[in-house]
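K.L.:
Chain by chain, the residues run as shown.
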Amino acid sequence: MIIKQYKNIYCIRLIHKEDFLEQLIKFAKENNLENAIILNGIGMLKNVQIGYFNNEKYITKTISEPVELVSTNGNMFINPKGMPEWHIHVALAEKSHNMIGGHLLGGMVWNTVEIFIQTLSEAKFVREMEDGNLRLNFK
Amino acid sequence: MIIKQYKNIYCIRLIHKEDFLEQLIKFAKENNLENAIILNGIGMLKNVQIGYFNNEKYITKTISEPVELVSTNGNMFINPKGMPEWHIHVALAEKSHNMIGGHLLGGMVWNTVEIFIQTLSEAKFVREMEDGNLRLNFK
Amino acid sequence: MIIKQYKNIYCIRLIHKEDFLEQLIKFAKENNLENAIILNGIGMLKNVQIGYFNNEKYITKTISEPVELVSTNGNMFINPKGMPEWHIHVALAEKSHNMIGGHLLGGMVWNTVEIFIQTLSEAKFVREMEDGNLRLNFK
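Protein chains in written order, with our numbering: chain A, 405 to 543; chain B, 405 to 543; chain C, 405 to 543.
Only chain A is shown next, with the shape it has when bound in the complex (with noise of 0.2 Å):
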């Protein structure tokens, strides 16, 4: 992973077979951010895992080929317990150019991913219980 800083933005390289989540949560740790806003994000991914809520819980597709990422779009908040975690959406596409996508659970940067974040200076956002979910809120 390759990051630098100008003011309240960070550009970020991932490197070829690491780990995109895993990545993006230690980025978050290493520059104590409170809040993040994915402004764009490209490249692509391997064995990515996607998700759709039924509303009880998320039904799961596996993709073990390579595939475009087409776009990420998403939120860094801190959770209950004091950490940092990505609420993140993808659009994928496959060897045929058809798209698949969804909430993103997990995935492997293939060749590079190009991501640039934006932080606000006085914001932190959190998840809190609200009506038995877990929801996003301003601070």
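In case anyone wonders, no lab produced these hints; they're calculated from the structure.
Treat the hints with care, since some could be wrong.
No copy labels: a pair is met if it fits in one copy or bridges any two.
Cut-off 27 Å, straight-line C-alpha distance, at most; resulting in silico cross-link-like pairs (DSSO-like, lysine-lysine) [to be verified]: (1) 465 x 411; (2) 543 x 421; (3) 408 x 421; (4) 421 x 528.
Predicted model, so just to flag it, every value in this text is computed and none were measured.
Chain A is already provided as a structure; the job is to place chains B and C on it using the hints.
P.N.:
Chains B and C in isolation, oriented as in the chain A frame:
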């Protein structure tokens, strides 16, 4: 709808069963916005209506089942009647993880939508007639 | 192409039948940009060519029919020849509302494209050789 402003960035969480576009218009009106750029937006939607423009009209499709909102992109402008209006394209993932998308015509928040919006302090986005079409201009 | 700059954000509208990538390169050259981050971009494209990288070359697909441009993500960097170049992934919706996508190789604006781009005042994005591949670095 929960809104928190940090300078020129608005962090918004929409609530289960809220009307997506109605809330975004309400947000724009209440904050007297004359422009907005969507940084990212994810969550779930239900009863989404999307359109494909065939040069005459939108060919529409309504998806009654909840779908993952994989990406939300676009902008807010002032229409010829002087009212804020959004131009938004969405990418959606169904239970099969297959994706459909297009121009957003309507939809209801399902579980949650988290959306981040940037405004420009001295800009006004408008739509004006140009060769028989309403086109975006920047003032 | 209509361009309006607000500090480090460029708001751009591309015109019917303009070449999408040619115009973005022209924009970068005319503004002497050494980096750019796409915030969002929507509209329609025609004759789009997209690619899936199979570790040797791009497997390409050309879509002659107009498609909704659902998302535009990526960045601009200075290539080894010292010229600006874009790395862009697009998500597209066909008349059926089904989505295809991948690495953007070419395409023509259809009706309109509205795109918002952020630049970093002190950054230079470059592609340099690394283990036999051109990789993005941040200066």
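K.L.:
Taking each numbered hint in turn, which are not upheld by the structure, reported in ascending numerical order?
P.N.:
1
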